[in-house]
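Letter by letter, the chains look like this.
Number of protein chains: 2
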Amino acid sequence: MRFASFFDEVSRAFRDRTAFFKLVVIMAGASGGGLVAYADARSDLDLASSHGPTKKKVVILGTGWAGTSFLRNLDSSLYDVQVISPRNYFAFTPLLPSVTCGTVEARSIVEPIRNIMRKKKGEIKFWEAECFKIDPANKRVHCRYTTAPNSGWTDEFLVNYDYLVIAIGARANTFNIPGVEENCHFLKEVEDAQKIRRSVMDCFERASLPNLDEDERKKNLHFVIVGGGPTGVEFAAELHDFVSEDLSKLYPSVYGLVKIEVIEAGEHILTMFDKRISRFAEEKFQRDGIDLKTGFRVVKVSEKEITMASKSTGEFSEPYGMAVWSTGIGTRPVIVDFMKQIGQGNRRVLATDEWLRVCGCDGIYAVGDCASISQRKVVEDIAEIFRIADKDNSGTLTVKEIQDVLEDFCMRYPQLELYLKSKRMSSILELLKDSKGDATKEAIEVDIEEFRKALTDVDSQVKTLPATAQVAAQQGSYLARCFNKMKDTEEHPEGPLRFRGSGRHQFRPFRYKHFGQFAPLGGEQAAAQLPGDWISIGHSSQWLWYSVYASKQVSWRTRLLVISDWTKRFIFGRDSSCM
Amino acid sequence: MRFASFFDEVSRAFRDRTAFFKLVVIMAGASGGGLVAYADARSDLDLASSHGPTKKKVVILGTGWAGTSFLRNLDSSLYDVQVISPRNYFAFTPLLPSVTCGTVEARSIVEPIRNIMRKKKGEIKFWEAECFKIDPANKRVHCRYTTAPNSGWTDEFLVNYDYLVIAIGARANTFNIPGVEENCHFLKEVEDAQKIRRSVMDCFERASLPNLDEDERKKNLHFVIVGGGPTGVEFAAELHDFVSEDLSKLYPSVYGLVKIEVIEAGEHILTMFDKRISRFAEEKFQRDGIDLKTGFRVVKVSEKEITMASKSTGEFSEPYGMAVWSTGIGTRPVIVDFMKQIGQGNRRVLATDEWLRVCGCDGIYAVGDCASISQRKVVEDIAEIFRIADKDNSGTLTVKEIQDVLEDFCMRYPQLELYLKSKRMSSILELLKDSKGDATKEAIEVDIEEFRKALTDVDSQVKTLPATAQVAAQQGSYLARCFNKMKDTEEHPEGPLRFRGSGRHQFRPFRYKHFGQFAPLGGEQAAAQLPGDWISIGHSSQWLWYSVYASKQVSWRTRLLVISDWTKRFIFGRDSSCM
Ligand SMILES: Cc1cc2nc3c(=O)[nH]c(=O)nc-3n(C[C@H](O)[C@H](O)[C@H](O)COP(=O)(O)OP(=O)(O)OC[C@H]3O[C@@H](n4cnc5c(N)ncnc54)[C@H](O)[C@@H]3O)c2cc1C
Ligand SMILES: Cc1cc2nc3c(=O)[nH]c(=O)nc-3n(C[C@H](O)[C@H](O)[C@H](O)COP(=O)(O)OP(=O)(O)OC[C@H]3O[C@@H](n4cnc5c(N)ncnc54)[C@H](O)[C@@H]3O)c2cc1C
Chain D
1 MRFASFFDEV
11 SRAFRDRTAF
21 FKLVVIMAGA
31 SGGGLVAYAD
41 ARSDLDLASS
51 HGPTKKKVVI
61 LGTGWAGTSF
71 LRNLDSSLYD
81 VQVISPRNYF
91 AFTPLLPSVT
101 CGTVEARSIV
111 EPIRNIMRKK
121 KGEIKFWEAE
131 CFKIDPANKR
141 VHCRYTTAPN
151 SGWTDEFLVN
161 YDYLVIAIGA
171 RANTFNIPGV
181 EENCHFLKEV
191 EDAQKIRRSV
201 MDCFERASLP
211 NLDEDERKKN
221 LHFVIVGGGP
231 TGVEFAAELH
241 DFVSEDLSKL
251 YPSVYGLVKI
261 EVIEAGEHIL
271 TMFDKRISRF
281 AEEKFQRDGI
291 DLKTGFRVVK
301 VSEKEITMAS
311 KSTGEFSEPY
321 GMAVWSTGIG
331 TRPVIVDFMK
341 QIGQGNRRVL
351 ATDEWLRVCG
361 CDGIYAVGDC
371 ASISQRKVVE
381 DIAEIFRIAD
391 KDNSGTLTVK
401 EIQDVLEDFC
411 MRYPQLELYL
421 KSKRMSSILE
431 LLKDSKGDAT
441 KEAIEVDIEE
451 FRKALTDVDS
461 QVKTLPATAQ
471 VAAQQGSYLA
481 RCFNKMKDTE
491 EHPEGPLRFR
501 GSGRHQFRPF
511 RYKHFGQFAP
521 LGGEQAAAQL
531 PGDWISIGHS
541 SQWLWYSVYA
551 SKQVSWRTRL
561 LVISDWTKRF
571 IFGRDSSCM
Chain A
1 MRFASFFDEV
11 SRAFRDRTAF
21 FKLVVIMAGA
31 SGGGLVAYAD
41 ARSDLDLASS
51 HGPTKKKVVI
61 LGTGWAGTSF
71 LRNLDSSLYD
81 VQVISPRNYF
91 AFTPLLPSVT
101 CGTVEARSIV
111 EPIRNIMRKK
121 KGEIKFWEAE
131 CFKIDPANKR
141 VHCRYTTAPN
151 SGWTDEFLVN
161 YDYLVIAIGA
171 RANTFNIPGV
181 EENCHFLKEV
191 EDAQKIRRSV
201 MDCFERASLP
211 NLDEDERKKN
221 LHFVIVGGGP
231 TGVEFAAELH
241 DFVSEDLSKL
251 YPSVYGLVKI
261 EVIEAGEHIL
271 TMFDKRISRF
281 AEEKFQRDGI
291 DLKTGFRVVK
301 VSEKEITMAS
311 KSTGEFSEPY
321 GMAVWSTGIG
331 TRPVIVDFMK
341 QIGQGNRRVL
351 ATDEWLRVCG
361 CDGIYAVGDC
371 ASISQRKVVE
381 DIAEIFRIAD
391 KDNSGTLTVK
401 EIQDVLEDFC
411 MRYPQLELYL
421 KSKRMSSILE
431 LLKDSKGDAT
441 KEAIEVDIEE
451 FRKALTDVDS
461 QVKTLPATAQ
471 VAAQQGSYLA
481 RCFNKMKDTE
491 EHPEGPLRFR
501 GSGRHQFRPF
511 RYKHFGQFAP
521 LGGEQAAAQL
531 PGDWISIGHS
541 SQWLWYSVYA
551 SKQVSWRTRL
561 LVISDWTKRF
571 IFGRDSSCM
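From first to last, the protein sequence lines are chains D and A.
Quick note: the first sequence uses UniProt numbering, first residue 1, plus one each step.
Quick note: the second sequence uses UniProt numbering, first residue 1, plus one each step.
If you're looking for bench data, these hints aren't it; they were derived computationally from the structure.
Built from N, CA and C at the ideal position, the CB exists for glycine as well.
Errors might be hidden in some of the hints.
So the derived label-pair ranges between C-beta atoms look like this [stated by the list, open to error]:
1) 571/A with 132/D: 53 to 63 Å
2) 244/D with 485/A: 39 to 49 Å
3) 245/A with 500/D: 34 to 44 Å
Calculated cross-link-like contacts (lysine-lysine; reagent style DSS-like; alpha-carbon spacing at most 30 Å) [what the hints assert, rightly or not]:
4) 119/A with 259/D
5) 195/D with 259/A
6) 421/D with 433/D
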């Protein structure tokens with residue numbers, strides 16, 4: 001350790017002063033050749049890079065799943081890298097609901113971004129600031145540093161880029177329902193989780209005060225969760241466990257008055273999961289005494305009451321103690337503004353192509369929750385595909401001709417593969433055969449109209465990817481790989497044939513690999529939906545799930561912290577201090 | 001575990017419904033005799049206590065060192081106990097400076113008060129509220145519940161008492177110096193420490209921003225600590241370690257600009273310690289590059305500058321990044337108001353007698369930092385002491401007469417013992433002999449004037465106790481013991497003779513036992529001042545110190561948490577996330 005830091009010291013001195021010869025002499029005397037060679041090598045590298053052609057500037061906005069995954073996987077010696085984010089840490093969001101009740105501590109699920117930077121080659125810069133304007137015309141971003149609310153200190157600055165990687169995630173969506181912003185908690189950031197934790201304890205302390213009647217106590221202990229998605233459901237489950245396992249002992253006199261209620265506009269909760277999981281969760285909540293209001297829309301939230309409506313009941317209000325709003329995500333203002341500038345003003349979400357390049361710009365990429373891939377449709381390109389495939393210009397495609405472009409075709413239009421799978425067909429030939437009716441496999445030959453007809457429905461399989469950590473992380477590492485191979489692939493492109501245009505695409509398009517999804521339901525119960533329609537429901541351990549999840553993104557440090565938190569909880573229960 | 005909670009269930013059902021016979025029958029059938037006997041015994045006890053003479057109401061204000069120590073040691077089955085405090089936890093303040101830099105986590109140094117209550121007999125009530133008025137005339141306190149600043153929820157209520165134990169500690173003292181309240185951090189509460197931690201990180205992030213010149217960076221990294229007492233010194237040391245051990249690696253480009261400065265109005269820091277310790281600390285700070293400004297008074301603090309003055313320099317200002325104010329303690333407003341009501345309006349601190357009873361009230365006690373013991377002077381009582389001792393009314397005291405009251409005399413006026421010790425005398429007889437000059441020990445006989453003359457200087461040894469956790473904790477447990485023995489001692493008083501009045505005092509007066517004081521100075525260095533002028537300086541481990549300190553007040557839970565924090569820091573360093 002000491003030696004390594006001496007090393008660092010020395011090589012820094014080297015870079016700083018470039019007193020190359022002096023140092024070589026001193027060190028050769030002091031420490032022998034090995035060390036010199038090392039320092040030498042380092043300094044050569046540094047010299048080369050600082051005197052050589054200047055590196056391209058890569059600016060990363062955001063330190064969430066997508067941004068951090070990009071940063072981790074990027075060969076940072078190739079670029080001049082700057083990271084901009086209002087948070088100087090990465091947060092492992094799947095454990096956020098556990099922070100709300102102290103099952104896990106906030107600090108255990110965050111990793112300082114500078115820890116990550118330190119382990120990488122080259123000098124990476126981090127600015128703790130928020131980007132409030134993207135200026136694609138001048139290739140720069142406007143940033144603002146904001147300290148704690150009461151300090152009044154703000155500062156703005158500009159950062160130029162050659163490549164911009166937007167990974168700023170999404171904001172909580174209130175659908176502009178009145179009073180939500182002011183009166184509800186959200187669960188997006190670590191601070192949100194900490195606030196919720198304090199608020200839960202406050203509700204219990206408030207309900208325990210001497211001068212309240214029973215109705216007031218009940219009101220204080222009425223916890224409302226709006227939104228039956230995974231986050232809302234998991235928070236409800238965590239809260240239920242916290243109340244029944246820990247708070248029941250500490251607040252015996254009011255514990256019986258607690259009511260946890262989940263309000264969901266749809267007919268069921270967890271609709272993004274398989275029906276069996278959704279049903280299982282609903283039944284478990286019923287057994288736990290969690291009140292499930294499906295088919296209810298919240299229309300207003302005041303300081304004391306929450307107003308909702310359903311078809312059968314009409315509008316009515318309920319007093320509540322604390323409300324958590326978790327109904328999905330929306331686009332951040334800075335992205336809305338950016339979209340207007342680049343002609344995407346009429347879209348709901350920022351669109352990228354399959355290489356994660358923002359449509360309509362140059363050198364700007366977007367990954368994670370802040371953008372959505374707009375998959376090119378087969379129908380739009382059918383004539384071009386046909387033209388390229390029809391090498392002999394015969395006006396028909398033979399089996400051989402089709403097979404020659406098949407790999408590129410599937411790579412460029414992944415919906416084709418999905419479509420075949422959905423039809424339980426093994427290849428495009430089967431599809432064409434099926435569409436033509438009688439012809440035998442070998443003899444098949446299609447003209448453009450037949451080709452178009454056979455592929456009509458293929459685009460129905462275009463799917464938007466879910467806004468999950470898995471997608472964001474995969475996009476980040478995919479993009480980093482592209483950046484790492486930028487030089488190589490200029491000469492040796494590795495992507496599919498360009499059907500519109502000539503040659504090949506520089507890279508393969510992004511492809512998402514789904515590893516399954518997990519829904520913790522409290523009381524050590526959980527449901528998992530794995531690829532290929534596998535479902536697993538029951539008594540599962542969060543440990544297992546976490547170890548799968550954590551495998552890539554999370555450092556050993558945070559892993560140990562989380563495990564030590566679980567151990568603490570196991571031994572001592574959760575902490576109930578209001579802080 | 002399950003069995004125990006079934007037990008609790010059952011016995012609660014018992015108490016709630018008093019369906020005594022029904023339950024006995026059911027349970028005898030269901031579970032056999034052992035269980036019934038237990039529930040029976042519990043319920044008898046409960047019945048006795050709720051149907052017997054109503055218990056006296058003890059109200060405790062505050063859950064700090066004094067209040068918690070009182071609560072822990074009180075036999076709570078004897079009283080109807082209510083605890084009122086704005087914090088529902090006890091905080092182990094000696095580790096607060098470590099929280100400012102993340103050496104220890106905030107949650108590891110707090111213990112939920114309800115955890116403590118749960119382990120005690122009888123039903124203790126806790127109200128999370130602040131007492132804003134004490135009303136001794138009507139024997140009640142006015143309380144206010146205040147939630148998080150933005151909720152706007154406040155509620156007031158009244159609590160009656162038979163005995164009131166005031167243990168609300170002190171507030172930070174700004175000496176009304178302009179701008180201190182608004183611009184400085186304090187270090188009294190857990191939240192303060194958390195804010196400081198965030199603020200330190202903010203300063204580093206701010207200093208790293210791209211658009212600053214070197215002066216601005218330096219300003220942001222200028223940390224000012226006002227006050228060279230143990231808290232200020234320890235914070236400075238912690239900050240220095242944090243910066244040099246962790247932040248230097250994460251912020252290599254700005255690390256060199258950091259300046260830590262301690263401003264102290266007196267000539268030295270740590271003046272409450274032995275000179276050798278004070279000197280050692282000053283030298284260590286010098287070696288560490290901590291800037292020590294002794295003999296400087298701060299006269300104003302603005303948002304950007306701190307203004308100070310010394311005899312030699314006159315007034316001047318310095319830009320700063322963050323300032324921590326730690327110059328001692330003052331009286332809380334509610335106590336100031338209370339003092340006015342009970343005729344103590346012209347005093348600086350609330351006075352109690354040697355039994356910790358607030359002077360001028362009935363049934364009100366004060367412990368810890370919020371009060372100070374006003375030790376009765378010997379001179380004031382000299383005639384009465386003489387009268388009581390002179391059993392034969394001869395007008396002179398013989399050796400025998402003196403020896404008969406000696407124990408009571410020393411117990412009532414501890415300054416006597418201290419005075420003898422300071423003069424290196426072994427008994428009062430030596431003192432009298434010394435004062436009379438010639439007489440031999442056996443023949444000694446003194447009249448009132450000789451007695452008065454000999455004792456003239458004794459009161460110079462009256463000392464106010466320091467505002468420390470040790471004093472507060474000892475006062476709390478002393479008072480609890482008195483409460484526990486209240487009944488017994490009414491008939492069999494255990495205190496010294498009443499020199500003014502007749503009979504004996506019900507209890508012995510409070511006596512403080514000093515176990516030494518510890519000053520962590522950073523870098524695993526520490527100084528300890530032990531009783532009897534022992535001093536120990538050098539490379540000490542905080543572990544040892546903590547294990548001594550923690551021995552009584554702290555649960556196994558928090559002890560393990562602290563140790564696990566230290567282990568984490570040892571392995572991974574401190575966390576640098578801004579949160
Ligand atoms: C409570 C909760 C639980 C979840 N559980 C799961 C789960 O179990 N599994 C799963 O797959 N997914 C889960 N998700 C979803 C997952 O967290 C998101 O899909 C993922 O975080 C998206 O990654 P991202 O990088 O796009 O955005 P984020 O992770 O949100 O990161 C956005 C980053 O951008 C920064 N930023 C914001 N505004 C600006 C700005 N103006 N300028 C610069 N930077 C900015 C933010 O500070 C942040 O660092 C959960 C989400 C939540 C809220
Ligand atoms: C940073 C720091 C480090 C320290 N280190 C040491 C050390 O190493 N060794 C040592 O001996 N001492 C140390 N001390 C001093 C020690 O903490 C105090 O002497 C001790 O806390 C005093 O105990 P207390 O119970 O009187 O007050 P506190 O511990 O301050 O407790 C006061 C209690 O009253 C509550 N309260 C406040 N206002 C009201 C109200 N209006 N109504 C009801 N309740 C109220 C508070 O919430 C709190 O619970 C340190 C102090 C600090 C701040």
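Status of each hint after checking the structure:
1. 571/A with 132/D: 53 to 63 Å: At roughly 39 Å between Cβ atoms, residue 132/D and residue 571/A fall outside 53 to 63 Å, so the hint is violated.
2. 244/D with 485/A: 39 to 49 Å: holds (41 Å)
3. 245/A with 500/D: 34 to 44 Å: Violated: the Cβ-Cβ distance is about 58 Å, outside 34 to 44 Å.
4. 119/A with 259/D: Holds. Residue 119/A to residue 259/D sits at ~27 Å (cutoff 30 Å).
5. 195/D with 259/A: Given that 30 Å is the threshold and the Cα spacing comes to 34 Å, the pair is violated.
6. 421/D with 433/D: At roughly 16 Å apart (the allowed maximum being 30 Å), residue 433/D and residue 421/D satisfy the hint.
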